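**Q** If you want the building blocks of each chain, they are given just below.
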Amino acid sequence: MAYLEINRLTKSFHGNRVLDRIDISLEKGTFLSLLGPSGCGKTTTMRMVAGFESQDEGTISIGGQSIDSLPPYKRNIGMVFQSYALFPHMSVAQNVAYGLEQQRLSRGDIRKEVANALEMVQLTGYEQRKPKQLSGGQQQRVALARALVTKPSLLLLDESLSALDKNLRSAMQIELRMIQKEIGITTIFVTHDQEEAMTLSDCIAVMRAGRIEQIGSPHEVYERPANTFVAGFVGQSNFLKGALEEVGEGRARLVLGNGNSLFVPFTATGSAYPQGTETILSVRPEKIRLTRDTSAQTGMKGTIKFITYVGSTFTYLVEALGQELKVQRQNDSNDHSFRQGEDVWLAWNAEHQTLLAE
Amino acid sequence: MLKKGIGWTYAALVMLFLYAPILVLMAMSFNASKYNALPFEFSMRWYRELAGNDKLIDATLTSVYIAAGTAVICVVLATMLMLWAVRTNSKLKRWIDSLVILPLTIPWLILGLSLLLLVSAAGIDKNFMVLLIGHVVVSLPYAVLVIKARLQSMDLTINEASASLGANEWTTVRRITLPLLFPAMLAGGFLAFVISFDNFILSYFLIPGGSSTLPIEIYSSIKFGFTPEINAVSTVMLTATTLLIVLIATIMRSSLKFFLK
Amino acid sequence: MDRKIWLMSPAVFLLLCFCVVPLFIMVYYSFLSDGTGGHWTVQNYMDFFQKDIYLKLTWKTVKMSFYVTVISLLISYPMAYVMVSIIQGGKNMLLMAIIIPFWTSQLVRAYSWQNLLRDGGLLEIGLRKLHLIGSGPLGLMFTSTAVIIAMVHIFFPYMVITIYMSLEKVDGALVEASKSLKAGPLTTFRRIVLPLSKPGIISGCILVFVPSLGVFVEPRILGGTQGTVIGTVIEDQFFEIYGWNFGAAVSFILLAIILLSMAVLSRFAKEEA
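Residue numbers (the working numbering), protein chains in the order written: chain H, 50 to 407; chain G, 2 to 262; chain L, 784 to 1056.
Be a bit skeptical, because a hint or two may be false.
Lysine-lysine pairs mimicking DSS-like chemistry, simulated, CA-CA at most 27 angstroms apart [to be verified]:
hint, chain 1, residue 1, chain 2, residue 2
1, G, 149, L, 787
2, L, 965, G, 224
3, G, 5, G, 56
4, G, 149, L, 874
5, H, 123, H, 161
6, L, 962, G, 5
7, L, 962, L, 981
8, G, 149, L, 981
Simulated from the structure, these hints should not be mistaken for laboratory data.
The structure presented is a predicted model; accordingly, all values stated were derived computationally and were not measured.
With these hints in hand, go ahead and build the complete structure from the sequences.
**A** In structure tokens, the structure reads:
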């Protein structure tokens, strides 16, 4: 049995099913991100783990112990809120000490623990400040110290970085990850930001409409998305929907809905994809090569419609076989010589495409 | 520039309308003439007579006791009510919101006499208990509104933060909610005090025979004849409530400033 | 969750027993013939609707409240407008200055007009100095006009506040957008600012009109014989005449008028929104 076990968690509000049989199991020390658009149930899932909401069905256990019947204050779970939720009438030190006081520690121990926690988040010297005298990043650190100082069995982070500006945010991401690894605490992070989820997590659960669409390592979720939703939500994807014909050695013909067809690279065995199998081919913009050489075995011809330049990359909007595809290339002296209106050949490798059922 | 001049002039005229009668009343309380006659002649005579008027002083004390009782009861009831309201998503809440506002929509005249009818229907004599309850009923909405405003400006997730740190609900209320609510409770209490202290109509209907409050004394001297001390006592009353209101406003504003990030 | 219901029960119990129940008792009394006893009757209501004098008094009360509301609006709107758009610095001080009297004793404020309005009072002296009136007495005291002046004085701050709050919410960019579309200041005011401040005007009207219907102290102090309104009729029934059942009926009719006018006015507000 894994450290954190969530089994068939289900919840309805006014007849709306907001969570539908959520299953998660995490090993100790894992950093899991719940990723999804707003209303997908990620926050509800976290609040159920914290005990602020109760499930209709399903069970949650930590370290083999069921916590379903425990009120929030007996669950020993640390949480960093989106708004930080620091106590405005208490100083930094009092905020951090609050949880320790509930555990009835001696005064001396509390002072020591508070000092250690503040040192960990590099806020030594700020003990007597009030929360409103701190910057957003500092408040974030206090909230983290306050959540960790009680040595909880689980750390919950609710969109905790979303209030920070971009530079501070990436600095905090790194710091957060370092602290999390160092103390080895199992963590659940709720976010709608796929980049942040990729950066921080050992494991990502992509959620939509109360269900987990895919759960796996960032690499798995990105390189092998389970469906078009995951492929489109985590990073960007081009989708070619059609039927597989003429499955042969190394390539197959994909007949698109509009009657056009192209050869795509193909390495799977034919038996898994009999003639006429409907499929959605997904390929990421940065995996597509653009060339002027039109003699390739696979791929398609297209016309560059529009070019956007964002410094480190170029994004080409290419029209090919009646579809629009996005192609992203590094800004490395070789590749940016294409002009708008130019005809190009688009090609990609078999390992960079995913064939999806839906 | 012209626009500005017109604007300020207009504001000044409105202020004159608002304050002239009050200021004249205050000035007259220092006028020696018994009939508020002019020319003005400064005198502290009415204040001296006030100090010797035991009936007025008794009535004032009665008013203060009732107002203080009203304030304490209102703060306790309003705080309890709002602690419930922030924690519940019960359907009752909307009904209770309307119930609390009800005394604001019904004229005090009607509230007062319906309470009088209640007393008579119950077959008991008018007494201070019913009077106090009447004052609580009309002052409670104000205390609730002040405390509610504070709660609405508060980040309620701090209660959850407290729970996640291992504090049970009572500890959370005691260490987090109440300290943050305290300025609003204070302001709500003072406001209930002022409403009750100024209240004439309910006292008029419900006061037991032989007793009196300050507003009742003022009303009867206005009605039954010219008593120059009334200027003095009104001045004292206006000054006292004005000071309290300024105090309330200061508490509310500074508390908001302090806690709003 | 509902373990916590004890927290709200004292307040709710108090309001039910001492605000809602008494109103029902009042209605009950209004259908009794004699004090707490007698028999069931609608005679109290018949008395009210069959006697010209009560209908006239009702109409007078409504008319008076209407005047008070209109005059308050005429004073308050420009005041609120000036506070929002012209006076920037002293806004908070001014707001405080408007609010403070609103919490002081209505009784004392009504009485304070006596010094000004009575014959030989300050207003008479002042007007005579300016040669605006002749040598006769001012004749304002103990008239409906005196009552209306005092009521406006007491109630208009409510309206300044509500209009001020709605005007403050009007986005300055809207006004600029209107001007950029070549609308003059008057058009901008009429088409943009006024409609957007309507909710404030309507809630201000409710806050002035409704309490005006139920006054009795101001007419007693400043109205003299002209100062008879529904409120004073009710008071008389309870303190002078001991016609409690009739008094209860009149109170109930007053309450009905109040609820009706609130319903009508808030319907207005809804239509606008």
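**Q** Evaluate each hint against the coordinates.
**A** Taking the hints in turn, this is what the structure says about them:
no., hint, in the structure
1, G/149 to L/787, "18 angstroms, holds"
2, L/965 to G/224, "60 angstroms, violated"
3, G/5 to G/56, "51 angstroms, violated"
4, G/149 to L/874, "25 angstroms, holds"
5, H/123 to H/161, "24 angstroms, holds"
6, L/962 to G/5, "20 angstroms, holds"
7, L/962 to L/981, "21 angstroms, holds"
8, G/149 to L/981, "26 angstroms, holds"
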